[in-house]
Amino acid sequence: MAWFQRTFRLPAFRRGFHLVTDQVASNVPEIGRVNIGLAHIFIHHTSAGLTLNENADPTVRVDFESHFNKMVPENAPYYKHNYEGSDDMPAHIKASLLGNSLTIPITNGRLNLGTWQGIYLCEHRNHASGRRITVTIQGE
Amino acid sequence: MAWFQRTFRLPAFRRGFHLVTDQVASNVPEIGRVNIGLAHIFIHHTSAGLTLNENADPTVRVDFESHFNKMVPENAPYYKHNYEGSDDMPAHIKASLLGNSLTIPITNGRLNLGTWQGIYLCEHRNHASGRRITVTIQGE
Amino acid sequence: MAWFQRTFRLPAFRRGFHLVTDQVASNVPEIGRVNIGLAHIFIHHTSAGLTLNENADPTVRVDFESHFNKMVPENAPYYKHNYEGSDDMPAHIKASLLGNSLTIPITNGRLNLGTWQGIYLCEHRNHASGRRITVTIQGE
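Protein chains in written order, with my numbering: chain A, 221 to 360; chain B, 221 to 360; chain C, 221 to 360.
Chain A with its partners taken away, still in its complex shape (with noise of 0.2 Å):
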C-alpha cells in the first residue's frame, strides 16, 4: 500500500477548455509503481475546473466553451456578485457545474482512461494566472 501526493501548478491558460493528461501525469510518475489503485486530482480554485472528455477533435473543447457562455451568461440581470468583472459569476457558477476533482482508477501502472478520454483544464476567467493542482495517488 503507498500514498502519494504532489502539488504543483499548471500554467496559465487562456479561457477556455484545454486537453492537459499529459501535463498532469508527467507530474506524477509514482502512477507507474501503482498496480491497482486511484488517483484524485484537485484543483484548488473556485473559476476553474476539470472534467473528463474527448481526446481528439479540438472542436469539441471549442463547442464546450460555446455551449457554457449560454447556459451560465455574463452580465445576467440577477448577479449581485459582479465587482470582480463579468466573466467572474459566471466563473464560479461553470466551476461547480463541471466539478473541481476527477478520481480515476488505475490499473497496472497506468491511468485507466478510455480510449477517447483526457481530462480537461475548464478555465472561466479572462486572465487567469497558473491553477494549483493537487493529485493524490493510492494503491498497492
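By construction, these hints were calculated from the structure, which means they are not laboratory data. Just so you know, not all the hints are guaranteed correct.
As the list claims (entries may be wrong) - One-sided and incomplete, this derived list gives chain A residues near chain C with beta-carbon spacing under 8 Å:
#1 M221
#2 A315
#3 T356
Ideal placement from N, C-alpha and C gives every residue a C-beta, glycine not left out.
Here the structure of chain A is known, so what remains is to put chains B and C in place on it, guided by the hints.
This is chains B and C only, laid out in the frame that chain A set:
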C-alpha cells in the same frame, strides 16, 4: 486493508436515464468483505455518464431526459463538432455536466446509499453499444 | 494507514446555498491524525447536494440560487414527476448537476482546500429536514 478492481460491460441501453444499482453491485461481490471503505464506479466513455438520484418513481428518469434535452439542445447553431450526428455533441456536454464517476461509502459490507438513492446510467447517444465500467473497491 | 467513517446530520437549512465547511470538519476530528490522505463527504439524499465554491462573499451563494432556479425552472411543462410539489423535480435535477459527494485532499492534518474554497450545502427543497452526511477518511 483490501483493494479489488473489476471491469465489466453494462448491456446497451436506449437513450435516457436507467437505474442500474443492482447490475453494478452484482459485478462486485467483494463489497461484502469490506467493513469501512469506498466504492469508486467509473465509466470509460465521453457520451454517457453516471449519477445518483431517485430510485422509486420512473417518471423522474423521464423528466431527466426531457430536461437535459432542453438544457443541452441538439443542432445548436454554434456547434462545430457535428459529423457524428446531432446527438453527439450534446452527449459530450451532458456527460461532463453529470460526471463520469461516483464514489460511494461502504459500511458493513454494503453500499451505504440513502433510502431513495440509486445509480443511474445516463445514456446520451441514440444508438450506443454496451458501456465499459470499472469499479475499484478499497477498505478494511 | 487509517480508515475513519462518521455519519451525522446537518441541521435543516432554508432553500439555497450554505457554507458548512466548519460544521462538516468539526464532526471529523480524525482528519487531524492524517498526514497524507483523502476525505470523502457524501450526502444521502436526492434533492440536496454538495459543492465547493467561494467562501468569502455571501452574494455568490445568492447568485447560485438565482441562477439554478432559472436553469432548472419549477413547473416546466414537460415534468411528469410533480406530486411532491413544484420544488421537487427541479431539486432532483439540481442535485445531479451539482453532485452528491466531494473528495478533498488531506495534507498535514487539514483539509487541503484553496484559500477561497468552502463546502456548500445545496438545499433545493422549500421545507427540508436536516440532511444526513457520511464522511469517510483514509490516509496515513
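Status of each hint after checking the structure:
1. M221: holds (6 Å)
2. A315: holds (7 Å)
3. T356: holds (5 Å)
Consistency note: the structure conflicts with none of the earlier hints.
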